[in-house]
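Build the full structure now, drawing on both the sequences and the hints.
Single-letter residue listing:
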Amino acid sequence: MRWRNPVLVGLILALALSAAASEGPGISARDAWVRESPPGVAMMAGYMALRNNTSRTQVLVAANSSDFETVMIHRTIVKDGMAGMEHAPQIELTPNARLIFAPGGYHLMLMNPKRTLRAGDRVDINLEFRGGLVLPVALEVRK
Amino acid sequence: MMTTVALAAMLAGVWLAASDRESVSRAMLLPDRVMTLFPDPKPLTAFALTDHQNRVFDLASLKDKWSFLFFGFTHCPDVCPTTLALLARARDNIAKSTVGAEDVQFVLISVDPNRDTVGKLGQYVTYFHATFLGVTGNDAQIGNLAGQLGAAYQVAFTPGMENYPVYHAATVFLVDPQARYHAMFTPPLDAETISRRFKVLRELERAKAT
Numbered sequence: 001m002r003w004r005n006p007v008l009v010g011l012i013l014a015l016a017l018s019a020a021a022s023e024g025p026g027i028s029a030r031d032a033w034v035r036e037s038p039p040g041v042a043m044m045a046g047y048m049a050l051r052n053n054t055s056r057t058q059v060l061v062a063a064n065s066s067d068f069e070t071v072m073i074h075r076t077i078v079k080d081g082m083a084g085m086e087h088a089p090q091i092e093l094t095p096n097a098r099l100i101f102a103p104g105g106y107h108l109m110l111m112n113p114k115r116t117l118r119a120g121d122r123v124d125i126n127l128e129f130r131g132g133l134v135l136p137v138a139l140e141v142r143k
Numbered sequence: 001m002m003t004t005v006a007l008a009a010m011l012a013g014v015w016l017a018a019s020d021r022e023s024v025s026r027a028m029l030l031p032d033r034v035m036t037l038f039p040d041p042k043p044l045t046a047f048a049l050t051d052h053q054n055r056v057f058d059l060a061s062l063k064d065k066w067s068f069l070f071f072g073f074t075h076c077p078d079v080c081p082t083t084l085a086l087l088a089r090a091r092d093n094i095a096k097s098t099v100g101a102e103d104v105q106f107v108l109i110s111v112d113p114n115r116d117t118v119g120k121l122g123q124y125v126t127y128f129h130a131t132f133l134g135v136t137g138n139d140a141q142i143g144n145l146a147g148q149l150g151a152a153y154q155v156a157f158t159p160g161m162e163n164y165p166v167y168h169a170a171t172v173f174l175v176d177p178q179a180r181y182h183a184m185f186t187p188p189l190d191a192e193t194i195s196r197r198f199k200v201l202r203e204l205e206r207a208k209a210t
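Here the protein sequences come in this chain order: A and B. FYI, the numbering for the first sequence is 1 to 143, going by my numbering. FYI, the numbering for the second sequence is 1 to 210, going by my numbering.
Because the hints were derived from the structure by calculation, they are not lab data. The reader is advised that the hints may include incorrect statements.
[As the list claims (entries may be wrong)] Computed footprint of chain B on chain A, listed as stretches where at least three residues anywhere in the stretch have a Cβ under 8 Å from a Cβ of chain B: (1) 40-52; (2) 74-80; (3) 98-107.
Virtual Cβ for every residue (Gly too), placed ideally from N, Cα, C.
The following block contains the structure:
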């Protein structure tokens, strides 16, 4: 072929560049934080804004952290006038979609912290996507 | 008054809409999605609970004070800490305002007495604000007050399960100094709206009294 087709060369270049620009899974996390918990409480919630910058649907299936015994993806739901939580086994993010984890909605439920976490501390959580993609996110503990 | 507000609203236009959609006099007249003000507050009847210092918390504890009541539990990672943190901010706003917070109390009523002992409750509520009260009792005692306020809750207690689910109303109930169910705040809640509405309510009540 010997690079005679400029369209094909352009395409290959463009693909190479886009791959370099969206490192890893190409999903970004912003405003990631964990609410500081009162003393004696072994449950915390983590919040953030995710965005799928890739051209294909990504499915968030789990999360883990060396800072907590268990991390689960939960959603606060209101049913029959009552708020409760349900486990979200998977959340789909279509290309360019945003997913907001916020109080009263989706949150990372963080159980049994392995160290005392106070406002200003940082925790690291890995978000696991279907297909093996992992997005490490640093969350700031806030009051 | 309404004419002035209407005129001001027209003049301020977009600015008013963006910065403070709820003009003060509309709040007095119209219940809205955040605060529902009952025109005919419902008197509460006898109930008996215990606060986090092991004192009786009953109908008399609600007299001569405005009480913000919230039903929740300490093993609650999202709704409860979010609500208590914003209520703490609302209390600070009220304390700083002309209304003052001397005759205002904030009470978390735990619907999960199995896990929320009096000692745990105290540690929990005072983390959010030194003045907050934690209150609980047995199922019948909690059910009595919750029923009077229409606060739905359900504890899916499972022996041997550490993190059994608890469902509860996310509403904040406001009881007046005559121990009457006076108003409620429904989510999405924010501290500024609650404190501002409360101030308006107090001014309205003061105007009624004179």
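Verification of the supplied hints:
Taking a C-beta to C-beta cut-off of 8 Å, the segment 40-52 of chain A contributes 5 residues in contact with chain B, enough for the three needed, and the coverage statement holds. Check on the segment 74-80 of chain A: 5 of its residues sit with their Cβ under 8 Å from a Cβ of chain B, so the three-residue criterion for coverage holds. As drawn, the segment 98-107 of chain A meets chain B at 3 residues by the rule of a beta-carbon pair under 8 Å; at three or more, the given contact holds.
This entry satisfies every hint, going by the numbered hints stated previously.
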